[in-house]
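Asks: Chains as they are written, first to last, in the numbering used here: chain A, 1 to 296; chain B, 297 to 634; chain C, 635 to 963.
Worth flagging that the hints you see were computed from the coordinates, not collected in a lab. As the structure is a prediction and not an experimental result, all values here were calculated from the model. Among the clues, some could well be false.
What the hints assert, rightly or not - With a straight-line Cα cutoff of 27 angstroms, these simulated DSS-like cross-link-like pairs (lysine-lysine) come out:
1. A:Lys120 - B:Lys334
2. B:Lys334 - A:Lys10
3. B:Lys515 - B:Lys346
4. C:Lys768 - A:Lys21
As the list claims (entries may be wrong) - So the derived list for chain C, only partly shown, Cβ under 7 angstroms to chain A, looks like this:
5. Thr648
6. Thr919
7. Thr937
8. Thr938
9. Leu950
Glycine included, C-beta positions come from ideal geometry on N, C-alpha and C.
Residues per chain, in single letters:
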Amino acid sequence: MVQVKEILTKALKKLVYDPLKIILKSRRGTFGLIIVLFFTLMATVGPLIVRYDPSTVNLSEALQPPSLKHPLGTDWFGRDILAMLIIGSQDVLFVSFVTALITTSVATFIGILSGYMGGKVDSALVAVTDIVLTIPGFPLLIVIASVLRTSNPILLAAILSITAWAPLSRAIRSQTLSLREREFVEMAKCLGMPSIHIIFSEILPNIMPYIIINGIFAFTGAIYAQVGLFMLGLAPYKSQNWGVMLNLAVNYAGAVFSIRQASLLAPAICIILLQVGLVFLSGSLEEVFNPRLRSG
Amino acid sequence: MWKDRVIGGEIISEYLMEARKLTKEFEVSVGMFKSRAKIRAVDEVSFGIKEGEQIALVGESGCGKSTLGRLLLGLIKPSSGQILYKGRNIWRLSRKEFEEFRRNAQIIPQNPYDALNPTKKLSAALIPQILRHKIAKGRSEARKMALDLLEMVGLSPPEDFIDRYPSRLSGGQMQRVVIARAISVKPQFIVADEAVSMLDASLRVEILDMMHKIGEELKTTFLLITHDLGVARYFAKNGKIAIMYLGDIVEIGETEEIIRNPLHPYTKALLAAIPVPDPKIARERKSIPLKSIDVPSLLKPISGCKFHTRCPYAIEDCEKIKPELRLVGNRWVACHLT
Amino acid sequence: MRWIVKRIITLLTTFYIAITLTFFLIRLMPGNPIDVMINQYMQQGMSMEQARIMVSSLYQIDFSKPVWEQYIEYLQLIIRGNLGVSYIYTGVPVARIISYALPWTVFLLSISITLSFVLGIILGMFAAYRRNTKADHTITLFSTITNAIPNYVLALIFLFFFACVWKIFPMRGTRDPRIPPGFTLEFISNVFHHATLPILSFLITTVGSWILQMRGATISVLGEDYIKVAEARGLKGKRIMFSYVGRNAIIPLFTRLAIAIGYMFSGSVLIENIFTYTGIGYYLTYSVTARDYPLMQGCFLITTLAIILSNFIADLLYGFLDPRVRIER
Ligand SMILES: Nc1ncnc2c1ncn2[C@@H]1O[C@H](COP(=O)(O)OP(=O)(O)O)[C@@H](O)[C@H]1O
Ligand SMILES: [Mg+2]
Numbered sequence: 001m002v003q004v005k006e007i008l009t010k011a012l013k014k015l016v017y018d019p020l021k022i023i024l025k026s027r028r029g030t031f032g033l034i035i036v037l038f039f040t041l042m043a044t045v046g047p048l049i050v051r052y053d054p055s056t057v058n059l060s061e062a063l064q065p066p067s068l069k070h071p072l073g074t075d076w077f078g079r080d081i082l083a084m085l086i087i088g089s090q091d092v093l094f095v096s097f098v099t100a101l102i103t104t105s106v107a108t109f110i111g112i113l114s115g116y117m118g119g120k121v122d123s124a125l126v127a128v129t130d131i132v133l134t135i136p137g138f139p140l141l142i143v144i145a146s147v148l149r150t151s152n153p154i155l156l157a158a159i160l161s162i163t164a165w166a167p168l169s170r171a172i173r174s175q176t177l178s179l180r181e182r183e184f185v186e187m188a189k190c191l192g193m194p195s196i197h198i199i200f201s202e203i204l205p206n207i208m209p210y211i212i213i214n215g216i217f218a219f220t221g222a223i224y225a226q227v228g229l230f231m232l233g234l235a236p237y238k239s240q241n242w243g244v245m246l247n248l249a250v251n252y253a254g255a256v257f258s259i260r261q262a263s264l265l266a267p268a269i270c271i272i273l274l275q276v277g278l279v280f281l282s283g284s285l286e287e288v289f290n291p292r293l294r295s296g
Numbered sequence: 297m298w299k300d301r302v303i304g305g306e307i308i309s310e311y312l313m314e315a316r317k318l319t320k321e322f323e324v325s326v327g328m329f330k331s332r333a334k335i336r337a338v339d340e341v342s343f344g345i346k347e348g349e350q351i352a353l354v355g356e357s358g359c360g361k362s363t364l365g366r367l368l369l370g371l372i373k374p375s376s377g378q379i380l381y382k383g384r385n386i387w388r389l390s391r392k393e394f395e396e397f398r399r400n401a402q403i404i405p406q407n408p409y410d411a412l413n414p415t416k417k418l419s420a421a422l423i424p425q426i427l428r429h430k431i432a433k434g435r436s437e438a439r440k441m442a443l444d445l446l447e448m449v450g451l452s453p454p455e456d457f458i459d460r461y462p463s464r465l466s467g468g469q470m471q472r473v474v475i476a477r478a479i480s481v482k483p484q485f486i487v488a489d490e491a492v493s494m495l496d497a498s499l500r501v502e503i504l505d506m507m508h509k510i511g512e513e514l515k516t517t518f519l520l521i522t523h524d525l526g527v528a529r530y531f532a533k534n535g536k537i538a539i540m541y542l543g544d545i546v547e548i549g550e551t552e553e554i555i556r557n558p559l560h561p562y563t564k565a566l567l568a569a570i571p572v573p574d575p576k577i578a579r580e581r582k583s584i585p586l587k588s589i590d591v592p593s594l595l596k597p598i599s600g601c602k603f604h605t606r607c608p609y610a611i612e613d614c615e616k617i618k619p620e621l622r623l624v625g626n627r628w629v630a631c632h633l634t
Numbered sequence: 635m636r637w638i639v640k641r642i643i644t645l646l647t648t649f650y651i652a653i654t655l656t657f658f659l660i661r662l663m664p665g666n667p668i669d670v671m672i673n674q675y676m677q678q679g680m681s682m683e684q685a686r687i688m689v690s691s692l693y694q695i696d697f698s699k700p701v702w703e704q705y706i707e708y709l710q711l712i713i714r715g716n717l718g719v720s721y722i723y724t725g726v727p728v729a730r731i732i733s734y735a736l737p738w739t740v741f742l743l744s745i746s747i748t749l750s751f752v753l754g755i756i757l758g759m760f761a762a763y764r765r766n767t768k769a770d771h772t773i774t775l776f777s778t779i780t781n782a783i784p785n786y787v788l789a790l791i792f793l794f795f796f797a798c799v800w801k802i803f804p805m806r807g808t809r810d811p812r813i814p815p816g817f818t819l820e821f822i823s824n825v826f827h828h829a830t831l832p833i834l835s836f837l838i839t840t841v842g843s844w845i846l847q848m849r850g851a852t853i854s855v856l857g858e859d860y861i862k863v864a865e866a867r868g869l870k871g872k873r874i875m876f877s878y879v880g881r882n883a884i885i886p887l888f889t890r891l892a893i894a895i896g897y898m899f900s901g902s903v904l905i906e907n908i909f910t911y912t913g914i915g916y917y918l919t920y921s922v923t924a925r926d927y928p929l930m931q932g933c934f935l936i937t938t939l940a941i942i943l944s945n946f947i948a949d950l951l952y953g954f955l956d957p958r959v960r961i962e963r
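Looking at chain A on its own, in the form it has when it is part of the complex (with noise of 0.2 angstroms):
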């Protein structure tokens, strides 16, 4: 038992409290921490303690500025904007969420195991991945959501990942390669290790900071990706959704454009502080990997 406690210290000491203490360290990376934090937060706890139903209309209410009631003010169908931010939020985080774990999930895997295999695998793989990457991604993230016209989060972030892998893919294959030639991978195979053990005790654990860095990339374009389409009114209106914010707020521009900002800027304002603190976050963590770019 004495021993168990032990090695769970070590490990939060490893894992949370070390790499804690570097971020927290750089006021970019506090910042970057921070709004992630809260966001996550206004993703999980947000939905469950917000006031007002975002679906129901109160053409009474509309256009209200902000007050105690409504923070935020209220948008043309007099929704509360606090509100539908906040619900917004959920769909945002958990799809792109989603969207980067297969995005990175697939990358590895073929990153990988192209660069691992080498010979005919390798050639195929590649040739694969420099075609997706030529391909225009969200020319053709339309084409598919349209076709497709989904709901279903899961799915909708399989189509996001369908070219977002690529580059990822090529940049952990050049990464395996050159792992691949490294003294401790021979060495592991002469000793007669299977590919199994050299793939996930020897390669992956090395560019496992590199997946890790590069999911949080793939996270902010997720954001971008699925934002955007929502803000087209290329995917379905069900979810409440940022895109669909700024998508209602374009279609009513105009006379009221002027008038009603909230509904506009709310949105916008979340999207570029969640982009920012994701940027800043992953900038502390390449600290927090890489001990020589730490700075003081």
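Dock chains B and C with the ligands against the given chain A, drawing on the hints supplied.
Replies: What follows is chains B and C with the ligands alone, placed relative to chain A:
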């Protein structure tokens, strides 16, 4: 048909490892338009290593030593020729037999800083293979073995080391762990590829002594690859030296004999470059007036003896006919002039 | 030569795959557009047979034939540059719509990418030479932040403030239809007036990435030995800065130019929509919402082709600039 051939004055079965006309070609891309070219890193090499022998393979950088070493270990496939382990072609072994060979032939790579996974503790460098080859019955026994190994390579108390990350070791300590890693599966044959060239001079002797000791205690056969004849001589003092030049082995023999009386002009040139403490030998040894200092490129194949472009004694035959390894006294030499 | 041929083959394969992809996407997916369109016509009172003939005439492909024959027919049409007829703009060939739309997109993207690249290189080099000064920190922070902002979000904010609130720039369109096109100052300035906000949206969200890349590249080149040798030989600072450092730092950035162009085409779909800028991206989303599949297919293919071509040009340029691509060991 190979069975009865006699190489090196001995019958093949006496060899633990043997190369027969072993050749490795690499495809490389060269020039403006990335045209494909083939280079022969190892060119029809034949020789044998006896059980328990300590042999040093010497040659300039790029002459194919590492390639030959990796061929002998079965880490890369030969373009042609055979590698025999106890008289059997390793690329014809059954899966199970190959696994047995795999366990018995280990490498100690050149760069100790690169031979340990930086993300894993030392235990991860030592234990998995012990379990995989069922050398230990369970995890706790394997860990016990790993501790013994660390002790054996001079890292004590081993309990202080086994849970460290490689970044917390010095270069010399890392090389010790690498050696422990190589002997963890109780191999019969170890190729140590430039195992000490990255280390400080003061550490070299220690590590060489240690490998020597392991070789004698565990009856392990060692092939030490080095570009430094001095290191070769020190390590293989009771063993043999093989001299390699541009993919060929040009001379093999007892270490002391080669040092005292080199036969191949290339061996003479290499020897002239190392300092000798004995003034008598130093006076006897004349420096060789090489025609050129540069090693020729492998991209342009050289006819005849590959050394003829630099050899001061080259005759017409040297440009045309490739000399085979011939027995001269107790020694094998590939030179028309001996 | 070999690598050029190899590149051309890869790019042609890519285009062929894009063509095939759109074909099967449109024809074989569940709820596929052909069936949807036939249904739409039938709801307007046509018979099944009439509706199919109608749709066939839009695509100029006979849909009663087996799929593989349709596919061959479709390939032949594409090779001849025939992209079918629009469904929404009744009777107008898709190729004609594209020929109106494409120049605007090319205009927008080429100006944005050139400005962004040049500005990025200058500022990146400047930051690298002033490493760890206040100016450098400011530029780096600006780049990191702007690089993280989605271009369409910035476009919306610009639209809101510059067009709706302050009315400095027009809200929509590529030009004022009342001004006759021509080489007149009035027309040209009007075109640029309309293009300013879209270009700014692209510029600001892409320049940061060039700055950061150029800064990194310059710093690593500055650390190389031959720069120190050049300095030791007494070459003037400016000369080293531009002819040695600049050249060597820019070269690796060229490979990323092709990728950047691809991303910008993706971004143009969103930006053009926000400013109702009638380029390819605008028509692509328009055709998707209007379910005008011949137009959608045309827009998608032309975008792919444009990216393939810019990839190829970037490759050639890079091969031309960097001797290492040619003389490789
Ligand atoms: N994987 C490879 N691909 C292509 N060429 C190789 C490869 N490995 C080695 N070579 C070439 O083979 C020759 C011999 O290399 P090597 O065996 O490493 O020499 P040494 O160990 O004696 O320095 C060199 O010219 C080297 O460039
Ligand atoms: Mg070597």
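Asks: Tell me, in ascending order, the numbers of any earlier hints that this structure violates.
Replies: 2 and 9
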